[in-house]
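Trainee: Chain residues, written in single-letter form:
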Amino acid sequence: MLALLRLHLKMAGGPFGILVIPGICVVGAALIAFMSFRAVPPSDYPSVSSTWLAIMTIGGGGVLLLLVPNTLASAVSRDFKCGMIHSHRLTPMSSVQIILGYLAGAPGQMLMLYVGTLILGTYFAASSSIPLTVGIVVGGWWSMQVCLMLLALMLSSFILATSIASGGKSQGFGILFVVALGAGWLMVMFVPGLALILGVLGGQVFLGVMRMGGLTGNGIIIATGALFHVTLAILFIEAASRRLRAPDRPLLNIPSSLIFCLIWLAALILGMHFTFRYSLTGPPDDSQHLVQVIASVAVFMLVGQTVLVAAAAVIAGTDEARAIGVPYSHNQRAIARLMPLCVGLMAAVTLFTLYDLTPPQLQTAPFRETSRSIWRMGAMGLALLASAVLDGSWIYIARLRGKSVVWAIGLSTTLLKILPLLAEAAEAIADEVVRGDNTSVARTYMPGLVAGASPIGTMMAFNMKDGHPWPGLIIQVALAIVAVALACRVRGAFVPASRQITPPSASAPPRLSA
Amino acid sequence: MSETLLTIEDLRVQYGRFVAVDGLSFEMRGGDLLGMIGPNGAGKTTTLRAACGLQPITAGSVRVMGYDVFKHPTEVGQHLGFTPDEPAAYETLTVTEFLDFIGDCYGLPPSACAERIDHWLAALWLTEKRASKVRSLSRGMRQRLAVARTLLPDPHVVLMDEPAAGLDPGGRVQFRQLLASLRDQGKAVVVSSHILADLAEYCTHVLIMERGRAIRYGTVDQVAGAASHEHCRYRLVLAHTTGDVANRLESLDEGLQFAVAGDVITLEYERERAAAADLLARMITAGIPVAEFRPLEPDLEEAYLRSGIGQVD
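Respectively, the protein sequence lines represent chains A and B. Under this note's numbering, think of the first position of the first sequence as 12, with each following residue one higher. Under this note's numbering, think of the first position of the second sequence as 2, with each following residue one higher.
If you are wondering where the hints come from, they were derived from the structure by calculation, not from laboratory data. There's no promise every hint is true.
[Claimed, not checked] Simulated pairs of lysine-lysine, BS3-like, Cα-Cα distance not exceeding 25 angstroms: (1) K414/A - K428/A; (2) K134/B - K92/A; (3) K92/A - K180/A; (4) K414/A - K180/A; (5) K476/A - K414/A; (6) K130/B - K92/A.
Sequences are here, hints too, so could you generate the full structure?
Mentor: Spelled out as structure tokens, the structure:
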């Protein structure tokens with residue numbers, strides 16, 4: 012780890028080089044700040060400090076959340092291109108040491124720049140007029156910075172892991188990352204749990220400071236979010252380390268992906284809990300709440316794909332082993348085959364818990380009816396289970412046929428999860444148009460009839476007045492059965508029963524040195 | 002007898018359904034120098050990458066000093082060095098800075114590292130380039146730097162993928178001496194190369210690969226000897242050039258393989274002396290002006306050509 016740290020220090024021009032650019036930036040900012048103080052009467056100093064505090068906060072946040080992860084991605088990309096990543100793998104350094112070396116060394120110059128904003132910000136925070144209810148103003152500033160640092164650690168670990176998994180092909184990744192982060196923050200009103208994962212807290216604390224005293228009651232949320240960030244950072248570092256030495260394996264193996272799902276499950280549930288208790292996303296009405304419940308479960312289903320990918324890799328690996336006649340772990344295979352059921356059950360648990368958390372004032376009549384009917388709840392659980400089995404089989408088929416797993420997930424999500432919803436929306440609009448025309452072909456729109464073919468649609472239909480989720484549910488179960496049958500068929504073609512296996516040793520040359 | 006340093010057992014590597022290496026097994030002890038030969042795509046590079054843990058394997062095992070390369074990579078890292086066909090280095094560092102970094106990765110104390118750097122820079126004719134940036138080095142210089150990087154930590158097992166590619170003739174001579182000295186130091190060295198004459202000079206063992214399989218394996222003498230078990234190459238010198246010598250040779254034996262270069266003919270025929278004498282008699286009867294007729298010593302080139310691969314890339 013220290014070797015890589017020293018290397019990056021050297022490549023940045025040594026101690027002088029690593030300090031000079033951040034130093035120039037900080038001194039420049041300090042000079043401009045000094046001139047702005049000189050331009051106003053002393054009575055306005057606190058307000059000028061507040062402005063500079065905001066600038067330092069945005070600047071520091073930008074460096075931590077955008078520049079640091081992108082520097083890491085660039086370093087990994089450079090090392091893949093020049094082949095040095097393989098050179099690192101050949102040394103006695105452990106994978107974790109290599110990953111930590113990148114994490115601490117590559118963004119050294121950026122971290123120095125951030126330290127500069129931290130020093131200046133601390134000065135401005137001490138001289139600012141913003142009153143905070145939590146501790147003194149410097150304490151508030153520092154608590155916000157700790158949040159930002161933990162968030163940056165998680166994001167940097169994530170970027171590092173994905174850069175290593177993609178073989179350093181991270182061009183344009185920064186832009187994608189910014190878009191995803193921005194979209195994630197926008198999605199918080201629909202999925203409150205995202206606030207705890209994507210680090211909206213950093214922004215919220217910042218806004219709280221700007222709004223004067225916005226930290227009230229957020230202590231538990233900050234602590235929970237920080238805990239999630241640290242846990243995820245450790246998970247990503249571990250995943251990156253493993254992937255470094257096993258480039259043929261998925262980024263997350265079965266245990267890691269299960270932990271990843273459990274973290275999301277907890278975040279989605281806690282996010283909803285905090286929404287009611289601390290108004291995390293503002294006071295929701297009953298329809299917004301229903302969207303939050305369904306969107307949260309949909310997000311979990313998406314996260315659950317990581318488990319399915321890991322399981323498909325294990326099953327395909329054992330198939331391969333069986334095809335060439337080498338021993339493999341039957342237990343591992345059996346566990347992997349259970350994973351779609353596990354994901355489906357976890358999704359159902361998420362759904363049922365979110366139902367359970369819903370306060371009475373947000374429960375509509377269909378919502379109440381569904382929550383009290385074991386059949387309706389069971390049917391929604393079955394839809395989630397069928398969806399997981401279908402996805403698991405689909406990913407397995409893609410893997411066995413050598414297709415891109417990401418492409419397979421995108422296709423199944425679009426065709427089987429989103430398209431039925433869009434088709435039903437189109438049907439509803441068409442029905443509205445026809446009825447508006449008052450023609451004889453007017454018919455009654457049947458909510459959920461088409462959308463029910465998607466698990467999201469099934470959940471929606473069970474909570475709509477006069478919803479018709481059952482036909483769609485039957486289609487989903489049928490699709491899951493077909494997918495399992497197809498997977499068996501593809502596997503049969505891969506491992507023909509009649510194939511003659513020649514033990515490799517039979518054709519091996521003699522050992523001459525013996 | 003020295004201990005086994007490298008063991009490859011039933012190695013199989015697949016890329017999807019394509020089998021790159023299939024059922025390869027061998028072991029090496031200290032002082033063994035194995036030359037790997039084969040056309041492009043034979044699986045040489047894949048084997049070397051798998052042997053050092055860079056290439057995931059489908060089946061089999063690779064052990065260095067008893068450690069499985071995939072289960073104990075850090076322990077293996079202490080004992081194994083690998084020079085890839087494309088030399089890897091940080092372009093913005095100088096030669097010494099780069100080797101310093103490598104020493105740091107292996108936990109070498111700074112003073113010992115500096116000594117070793119001086120030694121290898123001198124041994125590989127890089128001393129003059131010690132302060133040059135890596136990006137300013139030629140292909141051959143980079144190749145030498147890659148070799149220095151491999152040997153700096155003093156590994157027991159050394160794997161080199163076409164290390165002589167890009168070296169000038171002087172560099173090749175020097176490189177042959179270097180490999181021989183590594184062999185004599187008791188290291189296990191594996192070298193993949195297309196230069197068969199070089200391999201014959203310094204290798205103790207040879208492995209000929211095609212389509213992921215080992216088709217010949219043994220000591221240099223065994224492999225070269227096995228190739229000429231039944232057949233032999235003969236050198237025929239004519240007293241004077243004859244235009245229709247090819248037709249006359251073909252009329253003697255339809256299956257006779259030969260190559261005519263001026264007044265020198267190289268042909269393949271049965272090794273047995275009586276058969277060779279019979280052929281010679283028939284050639285003289287056919288009016289071929291034979292001035293010299295002698296069998297050629299078996300060599301690696303011949304072994305390679307006889308292995309059925311047919312060409313050297």
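Trainee: Work down the list of hints and note, for each, if the structure agrees.
Mentor: Hints, verified against the model:
Simply put, K414/A and K428/A have alpha-carbon atoms about 20 angstroms apart, close enough for the 25 angstroms limit, and the pair holds. Note on K134/B and K92/A: the hinted pairing holds, with a Cα-Cα distance of about 18 angstroms set against a maximum of 25 angstroms. Annotation: proposed proximity of K92/A to K180/A holds, straight-line Cα distance about 9 angstroms (limit 25 angstroms). With a C-alpha separation of about 18 angstroms, the suggested pair K414/A and K180/A falls inside the 25 angstroms cut-off, and the hint holds.
Between the alpha carbons of K476/A and K414/A the distance comes to roughly 42 angstroms, so the proposed pair goes past 25 angstroms and is violated. Proximity of K130/B to K92/A is assessed by CA-CA distance (about 24 angstroms); at most 25 angstroms being required, the pair is judged to hold.
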